[in-house]
Amino acid sequence: MPSESGALVARHVLEFPGGYTRTTGPVIGRFLTELRAGRIVGVRTAEGRVLVPPLEYDPATGDAVTSEYVEVGPAGTVTACAWVHEPRPGHPLDRPFAWATIKLDGADTSLVHAVDAGNPKALSPGTRVWPVWRQDRDGQITDISHFAPEVTKIVSHVRAEYRLQAGGALGTFLEAIGRGVFIGGACATCGQVYVPFRGSCPECGTVITEQVELPDTGTITTFAINNLPDPRAPEVPFVSAYILLDGSDSPLIALVGGVPAHEVRQGMRVRAEWIPREEWTPSLANVRWFAPTGEPDVEL
Amino acid sequence: MRDVAIVAFAQTRHTGHDTGLSEAEMILPVINEVKERTGLQRFGFTCSGSCDYLAGAPFSFVSALDAVGAWPPISESHVEMDGAWALYEAWVRLQHGDIDSALVYGFGKSSLGDLRAITTLQLDPYYLAPLGLDQLSVAALQAAAAGVDRAELDEIVRRSRADGRGNAYALDLPEEVPDGFAVEPLKTADIAPITDGAAAVVLATGDLVTRLCDNPAYIRGIAHRIEPHYLGMRDLARSASAAEAARAAGVGKGAVEVAELHTQFAHEEPILRRALELPADTVINPSGGPLAANPVMATGLIRIGEAARRIHDGTASRTVGHAASGPCLQHNLVAVLEA
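Protein chains in written order, with the numbering used here: chain A, 1 to 300; chain B, 1001 to 1339.
In case anyone wonders, no lab produced these hints; they're calculated from the structure.
Everything numeric in this text was worked out from a predicted model, so none of it was measured.
Watch out, some of these pointers could steer you wrong.
Unchecked claim - Straight-line Cα separation of at most 20 angstroms, SDA-like style, residue types lysine to any residue; simulated pairs:
id, chain 1, residue 1, chain 2, residue 2
1, A, K103, B, G1147
2, A, K121, B, M1233
3, A, K121, B, G1147
4, A, K103, B, D1235
5, A, K103, B, A1237
6, A, K121, B, F1181
7, A, K121, B, V1148
8, A, K103, B, R1238
9, A, K103, B, F1181
If we strip away everything but chain A, and leave its shape as in the complex, we get (with noise of 0.2 angstroms):
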């Protein structure tokens, strides 16, 4: 039929349907039936050596092989690879994998096959591959769905709840947030003002009584640019600063927000951002970040 440039083309599918049915003689058919049972065989040769997999002859000599098939693997080591980048659609695997030559514990020769390995650099002469055998099975080389390297490493989950109650200073401190206001504490003997409040001077060691309001205006004294996904922040990457409230001596952890985070800078003055006031509850969820106010930076 004439195609787009008008040039008569046609398409031909060359397929025998159904498959062909080829019998696999003793040897190979020894080999592909211990397969379906899960087991991978050599045979020996007369000179001793173990060809996996079988073959009817030995390609070395040429004389018939032997009746003894022998257990190989079912680990072996790689003696070359190749990494397919874009695998084709006949291919063992649909992502990225390797064709290996693998020689199999107790073989002379290679077993050639899929080895999924993640990515190029996870393989090389010398790696140690097992197989990773299909679930149904019905001999033929494809009973292995491919090989994979050896268990070097696992993903260890840690996970443990604990319920958390605020009753000393921490809990004056997030009384006053959910009203909209930061608290902080003044030490009555070196006059350093801390927020959060809290009940004694980490420095002296005096008990501290006296609250203070504090603004919810501050300036940055150094930041951090976080490239990982945190559930508190709203996106990545994303900036988090120590804030100096005004009036305060020791600085607060915050999120900083409403500008991008390469523009965000030592001396940068912030104001809190806070959520909808019906929104508040006792916590510093109440504010949603610090986002700069325009007014010139603080030589710090």
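Following the hints, position chain B against chain A.
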């Protein structure tokens, strides 16, 4: 042994795309060219090499005979292999002593299908083909085993493309080499291009040789050797069969000025160079070689033809033509040609 010489060689101007010509139409001009050059219209023996899987049609080589003119009946044969093996069969046939000329040709259009997948069909059906190992994957395994220095491969690719641009029959591949891996460590640029084309050779023996050609290229040695098909049964870093064939053909009995090697992948050149024990001053693939034009099933015959051409035109007196077949240089043929 009877002295057999290559007295004529012709090839198509190979293309990197399907021109729409049938195989017979593609072959006809090169057959006519060698007939014209030798003045022969009939040959004692005719032998061709091709692969039906390239066209996807059984016995497709039979229709190619239309280009030869087979009536009244001719003595004819075909190998499902590169035309280089058809040349070998014709050389053997000429040893019988009852004929003194033979026409050999090889042809292929690898543009018709997916050559990388079609070559999977040549693999053993029990252990290799079910894995879907394609042509580039097996070549990449050999490239990995050979571990050739990247700079050396880059230079082979650069040189082959440059020589190919100087060869009117080869493809005009750009100096700018594409980057990126096909199957790592095999780079896209290391791979012979998809090519359609054909070639023909006339062999002669006895008095006929000098009557047909002023500078005949005598086949002083020709041999082919094969090694196990299964990749895991051989040392892929070397080509034991190429080395055996080279010894049997007598490559080392004299200096080799030019060697045309059937290198479908850049890394095959150092492997073959080592197997054939070619010294540094042997010029490799001055035609550009398969990396500049790879009409599958004619590529090997063209290597022998190009090696002969150097003797025909008087620029060399001893050359080597090499052809390969099967995965990872499984089967190798070496011909030593002398003035």
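Against the structure, the hints come out as follows:
1. Between the alpha carbons of A/K103 and B/G1147 the distance comes to roughly 19 angstroms, so the proposed pair stays at or under 20 angstroms and holds.
2. Simply put, A/K121 and B/M1233 have alpha-carbon atoms about 26 angstroms apart, too far for the 20 angstroms limit, and the pair is violated.
3. Restraint check: the Cα-Cα separation between A/K121 and B/G1147 comes to about 16 angstroms, which is no more than 20 angstroms; the hinted pair holds.
4. Taking the CA atoms of A/K103 and B/D1235, the gap is about 12 angstroms. The hint holds against a cut of 20 angstroms.
5. Pair hint A/K103 plus B/A1237 holds up; C-alpha atoms about 16 angstroms apart against a cutoff of 20 angstroms.
6. The hinted pair formed by A/K121 and B/F1181 meets the criterion: a straight-line CA distance of about 15 angstroms does not exceed 20 angstroms.
7. For a cut-off of 20 angstroms, the pair hint linking A/K121 to B/V1148 stands: about 18 angstroms separates their Cα positions.
8. Only pairs whose Cα atoms come within 20 angstroms are accepted, and A/K103 paired with B/R1238 is accepted, the gap being roughly 18 angstroms.
9. For the proposed pair A/K103 and B/F1181, the alpha carbon gap of about 26 angstroms is over 20 angstroms, so the pair is violated.
Of the hints listed earlier, those the structure fails to meet are numbers 2, 9, in rising order.
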